[in-house]
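S.K.: Okay, here's what each chain looks like letter by letter:
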Amino acid sequence: MDSTELINDIKTNVIQGRVTSDDEGFDEGFEGKPATVELVEKALADGTDIKTLIVEGLTGGMNIVGERFESGMYLIPDMLAAAEAVGQAMDILSPHLENAGVKSKGKFLIVTVKGDLHDIGKNIVSIMLKGSGFEIVDMGTDVPTDKIISAVETHKPDFLGMSALLTTTMREMPNVIEGLKTKGLRDNVKVLIGGAPTSPEFTEKIGADVHCADAFQAVDFTNANA
Amino acid sequence: MIIIGENINATIPRIKDLIVNHDGTALEDLAVRQEQAGANIIDVNVATGAGTAEDEINDMKWLIELVMAKVDIKLCVDSADTAVLKAGLEAGGEKIGLINSVKATEKNIAEVLPLAAEYGLPVIALAMDEGGIATDSATRLKACEKVIKGCETHNVPVENIFFDPLVMPVSTDIKQGGTTLETLKGIKEEFPQAKTVLAVSNISFGLQKRTLINQALIHMAQYLSVDALLVNPLNAEFMLAIKAGETVMGRDRHCRKYSRAVRNMNGK
Numbered sequence: 541m542d543s544t545e546l547i548n549d550i551k552t553n554v555i556q557g558r559v560t561s562d563d564e565g566f567d568e569g570f571e572g573k574p575a576t577v578e579l580v581e582k583a584l585a586d587g588t589d590i591k592t593l594i595v596e597g598l599t600g601g602m603n604i605v606g607e608r609f610e611s612g613m614y615l616i617p618d619m620l621a622a623a624e625a626v627g628q629a630m631d632i633l634s635p636h637l638e639n640a641g642v643k644s645k646g647k648f649l650i651v652t653v654k655g656d657l658h659d660i661g662k663n664i665v666s667i668m669l670k671g672s673g674f675e676i677v678d679m680g681t682d683v684p685t686d687k688i689i690s691a692v693e694t695h696k697p698d699f700l701g702m703s704a705l706l707t708t709t710m711r712e713m714p715n716v717i718e719g720l721k722t723k724g725l726r727d728n729v730k731v732l733i734g735g736a737p738t739s740p741e742f743t744e745k746i747g748a749d750v751h752c753a754d755a756f757q758a759v760d761f762t763n764a765n766a
Numbered sequence: 005m006i007i008i009g010e011n012i013n014a015t016i017p018r019i020k021d022l023i024v025n026h027d028g029t030a031l032e033d034l035a036v037r038q039e040q041a042g043a044n045i046i047d048v049n050v051a052t053g054a055g056t057a058e059d060e061i062n063d064m065k066w067l068i069e070l071v072m073a074k075v076d077i078k079l080c081v082d083s084a085d086t087a088v089l090k091a092g093l094e095a096g097g098e099k100i101g102l103i104n105s106v107k108a109t110e111k112n113i114a115e116v117l118p119l120a121a122e123y124g125l126p127v128i129a130l131a132m133d134e135g136g137i138a139t140d141s142a143t144r145l146k147a148c149e150k151v152i153k154g155c156e157t158h159n160v161p162v163e164n165i166f167f168d169p170l171v172m173p174v175s176t177d178i179k180q181g182g183t184t185l186e187t188l189k190g191i192k193e194e195f196p197q198a199k200t201v202l203a204v205s206n207i208s209f210g211l212q213k214r215t216l217i218n219q220a221l222i223h224m225a226q227y228l229s230v231d232a233l234l235v236n237p238l239n240a241e242f243m244l245a246i247k248a249g250e251t252v253m254g255r256d257r258h259c260r261k262y263s264r265a266v267r268n269m270n271g272k
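The listed protein sequences correspond, in order, to chains L and V.
Letter 180 of the first sequence, counting from 1, is numbered 720 in my numbering, and no numbers are missing.
Letter 187 of the second sequence, counting from 1, is numbered 191 in my numbering, and no numbers are missing.
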C-alpha cells in the first residue's frame, strides 16, 4: 500500500467513524478490517508524511463528516464516532508533531459556565477542535467566572469557548466578558459561545465574538481565525 | 441479540397447509425473507399433527433439505419428538445451528442431551419438568437445575444451554409476564454460564395489538440481558424496537445498528 492509498484509507475510516478494527462503520461490512488506529500506526512505521496525513486524512475526513452532519445524513453518534477516531489518531501522532513540522493552530480554552453541569456539547467541541489541530485546555463544567478569567490570564489562549444549556446559567457569560474587559484581556482572546438557549442575538448583546449552533461552526470559526 | 425466525412453524394454520401439501416454493420464500429481515437462525417445525409419526420425520427431512439450500444462515430443528429432531440433524448436518428443545423431564434429558453432545450443538431447554409448566418461577428454576445436572451426565457444556423461562399468555393469567421475567432473572443469577431465549409471541395470545405487548416483554427481558429471541422477523418496526432495546442497554456502540436499521427502513 503506498502512502496516498494509506491516507485515503485513513480518511475513509474517519468518515466511517472507526477507531479500531473491531468497530462497525457507518456503513455495513467494515468489521475486522484495519481502522484509524491501526492505519495511523502503520503510516508512522512507514514514515508517511505526518502533515499530509493530518491535512488530507484526518481533517479531510472530518470535513466530509461535517458536510454529512449539516445535510442531516449523519447524526450525533456518527459525528462522535468520527471525532473519537480523529482524537485517538492525534494522540498517537502528538509526540511526533514537532519533528514533522506540524504546529498547533492555537490554544483553545473551553468551559461550561458556573452553575451548569452539561458537558456533552462542550466535549464534542473539544474533540472536534483537537482533531482539527488546536491545543485544548478543558476546564470542565460549573467553572466559576473568576477561575475562567484567571485561566485566560495564565494560559493565554487564542480562543475561549463557553457553553451553557440553561437560561439561568447563560446569564453568567456576560459576567465573564465584563471580567475580561476589566482585566484588559478581552482583546487577546476570541470568545465563542454555544448551548441550546444561546442565540446570535444574545451573542451580540453580551459582546461575544461568535455564536456556534454546533461543533462544526466552532471548527469553522477557529480555522478562519487561526 | 440472536434472532431466531419463528415463521416456519406447523402450528400456524397457513404453514401447516404448506407442509402437508409439500408446497416448497412458499416455504423457501419464507425462509429467504426471514434471512433478509435479519434473522440469525431459522426455526423449522413440522408438527402438523396431520399424518403419522413417520410422516413427520419425512417432513422434517424434506423441509430441512429444502430450506438449507436457500439460505446462508443456520437452521434450528424444532420438535418435541426426539426421532424428528434426529431426522433433522441428520439431514441438515453442518447447517443445523440449534436444537429446539429439551424438557427437564428425566426421559427427555436422556434422549435429547446426548444428541446435543453428539452434534456439539446448543440446545433450547424448557423450564418445565414432569410436573408441566409451573405458574411460579421457583418451580421453573428447579426444572432448570435438572437440565444443568443432565449437562454433567451427558457432557454438554452449560454454555450450550439456552434456557427458555417459558412465556404464557397474560390474557389468561395476568401474573405470567412477571413469572417469565422472574425466572429469566433467576436463571441469569443461578446459572450465569447458560444462555437464555424467549419464545415471545405467546405473551400476547388473545389480545389486540399483540406487537406492543410482545415489545414490552422483550424490552424488560433485554434489561435482564436475554440472549436470544424467537420472533417474527418480518415485522420491520418490531425488529427496530428490538434494536432500540439493545441500544438503550448500551449494546450498540455509537447506536450504529439502530441508526442503520432506520436508514434501511427509510430507504425502502
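Don't take each hint at face value.
Under 10 Å between C-beta atoms, here's a sample of chain L residues computed to sit facing chain V [said to hold, decoys possible]:
id, residue
1, 616
2, 618
3, 624
Derived by calculation from the structure, the hints in this document are not laboratory data.
As the structure is a prediction and not an experimental result, all values here were calculated from the model.
Idealized CB from N, CA, C, for every residue including glycine.
S.K.: The structure should be examined with respect to each hint, and the outcome stated for every one.
M.R.: Going down the list of hints, with the structure as the test:
no.: 1; hint: 616; result: holds (9 Å)
no.: 2; hint: 618; result: holds (7 Å)
no.: 3; hint: 624; result: holds (8 Å)
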